[in-house]
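Student: In the order they appear, the protein sequences are chains A and B. When we follow full-length UniProt numbering, the leftmost residue of the first sequence carries the number 1, and every step to the right adds one. When we follow full-length UniProt numbering, the leftmost residue of the second sequence carries the number 1, and every step to the right adds one.
Quick caveat, the hints were computed from the structure, so don't treat them as lab data. Only a predicted model underlies this, so the values are computations on that prediction, with no experimental measurement involved. Mixed in with the good hints, there may be bad ones.
[To be verified] Chain A stretches covered by chain B per the calculated footprint, using a threshold of three residues with CB under 8 Å from any CB of chain B: (1) 14-22; (2) 39-50; (3) 266-272.
[What the hints assert, rightly or not] Here are the simulated lysine-lysine pairs, BS3-like style, with alpha carbons at most 25 Å apart: (4) B:245 to B:180; (5) A:265 to A:225; (6) A:245 to A:180; (7) B:32 to B:297; (8) A:48 to B:48; (9) B:32 to B:265; (10) A:123 to A:52; (11) A:297 to B:48; (12) B:297 to A:48.
[What the hints assert, rightly or not] Chain B residues, not near chain A, derived (Cβ > 12 Å throughout): (13) 73; (14) 85; (15) 108; (16) 172.
Beta carbons: idealized from backbone N, C-alpha and C, even for Gly.
There are 2 protein chains.
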Amino acid sequence: MEKFELHILGCGSALPTTRHFATSQVVNVRDKLYMIDCGEGSQLQFRKSRLKFSRLNHIFISHLHGDHCFGLLGLISTLNLLGRTAELHIHSPKGLETLLAPMLSFFCRQMTYKVLFHEFETKEPGMIYEDRSLTVTTIPLRHRMPCCGFLFAEKQRPNHIIREMVDFYEVPVYELNRIKNGEDYVTPEGKTISNSLLTRPSDLPRSYAYCSDTIYMPEIAEQIKGVDLLFHEATFANADLPRAKETFHTTAAQAGEIAKAAGVKKLVIGHFSARYEDENVLLKEASDVFPETVLAKETLCLEV
Amino acid sequence: MEKFELHILGCGSALPTTRHFATSQVVNVRDKLYMIDCGEGSQLQFRKSRLKFSRLNHIFISHLHGDHCFGLLGLISTLNLLGRTAELHIHSPKGLETLLAPMLSFFCRQMTYKVLFHEFETKEPGMIYEDRSLTVTTIPLRHRMPCCGFLFAEKQRPNHIIREMVDFYEVPVYELNRIKNGEDYVTPEGKTISNSLLTRPSDLPRSYAYCSDTIYMPEIAEQIKGVDLLFHEATFANADLPRAKETFHTTAAQAGEIAKAAGVKKLVIGHFSARYEDENVLLKEASDVFPETVLAKETLCLEV
């Protein structure tokens, strides 16, 4: 299986503590790194997770609250000091470029590389990134300001050729691409060789969904149905449900409900309120609803 | 002795590493906290050092490079979330308020407290803070942009009254303030009682000097003569002297020279370049010139 991993850089909420950094994650898909959110200290946690800046070309910002983007200036500045030349793409809801521009032009005067901002709509799901093997689609969320989660989905890869069978039927090289993509082979004598004899199916495409920050939104289960890994915010415990509603956040049990309704394989919860010294209360409440739940923590790495 | 301590929150230079945070320190004078510089992650280190935000009212920024001020937004934002009401004063060279204003007004919409910016001249030393027991004076430095260090000096405190002697001579209460401040006492019979019989001298005033970032400036020895503790940047080792000059930084040996010429009691060096895995090379080079040298490190606390 090719690499598809999630690195947690920070999983605290608005108030950083001695236990948690502000929100940031890195998704590693076949050694291309994608950052999701960039709270203060993300560049430090990035290094601590032994990730390579040169592999990072895209950053996705869920919404414009400080605990999700105050680390951008430091990161951009560090990449400049390191002499980066590759473009860096930052995807976010409207307004980020305008906000950062004066600081960037003052603090990063002679840029060795370009930072390109891409603003996305937050009302409807939209594909905001695509390459040969991956798509990233926004997941509209409901928070105190425009906010989206992100769905990272591998594309279905072509079938694997069974070398021995292809040799046996003397299939010409120029036919191989068609066969990889599922077509049968017709010999010069007109005999049809079924594709299933010539190929093995490739691995099933995997997917990862990131949902933070948001009030409980059961309707997102539809969009994230069957993902292999779901990160969902679980800022509060059941006892603080009124506070969760008021601040447009989710409880751990509600995160479990979403995971269950969506039939995901695994749930990782994070964005913990600073009030919980021991997050096991959150783990228990989510696990009671959806047993395959783990707690996020700094430098944790999960396979998708 | 009343409290006068230095807490190192971060002592790396422009490129943060897994070993060092960007520059920030806290000076604790009788439980009032003064922050010097505020690199990314300073609020995290502040908590880790078990300091109290409620005791912090003044922040001094040496110059407007990101590694000395990118932590301000996160800190200001956190204090707001905590419901702070006391004013926060930020002292810096010109330009900081203008730079931060758009970000502050977007990210900290409903402020529970006021942030007041005070801009200082960087060419001549100037007293920028004073209270009953302390003054803070700028130390003009030479860097790639306007930059100042800071001299924290305790004021001479009044003498201590010797209770037994005052009772013996039946000194009236209204005379005590004059006597504390060094005057003799004249009895109703016209006899002069020497002040030295009535008081013990108070502790000598202590002082701390912070000098970072700067090219080697032997002339600052004059202004920081005899300080109890000197923090001086020592970004580079001797072998990288040309790089130090080029980037307007100091070597460890040069920091030692300054400490020696100023006759300080103790030198702490920091602002280490990321290139040194082992900073003992810097410690050795500074100690060879000035033996009373220690290396800064995160969460280190030194008595002044």
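Student: I'd like to know which numbered hints this structure contradicts. Please list them from smallest to largest.
Tutor: As far as the earlier hints go, 3, 4, 6, 10, 13 and 15 are violated by this structure, in ascending order.
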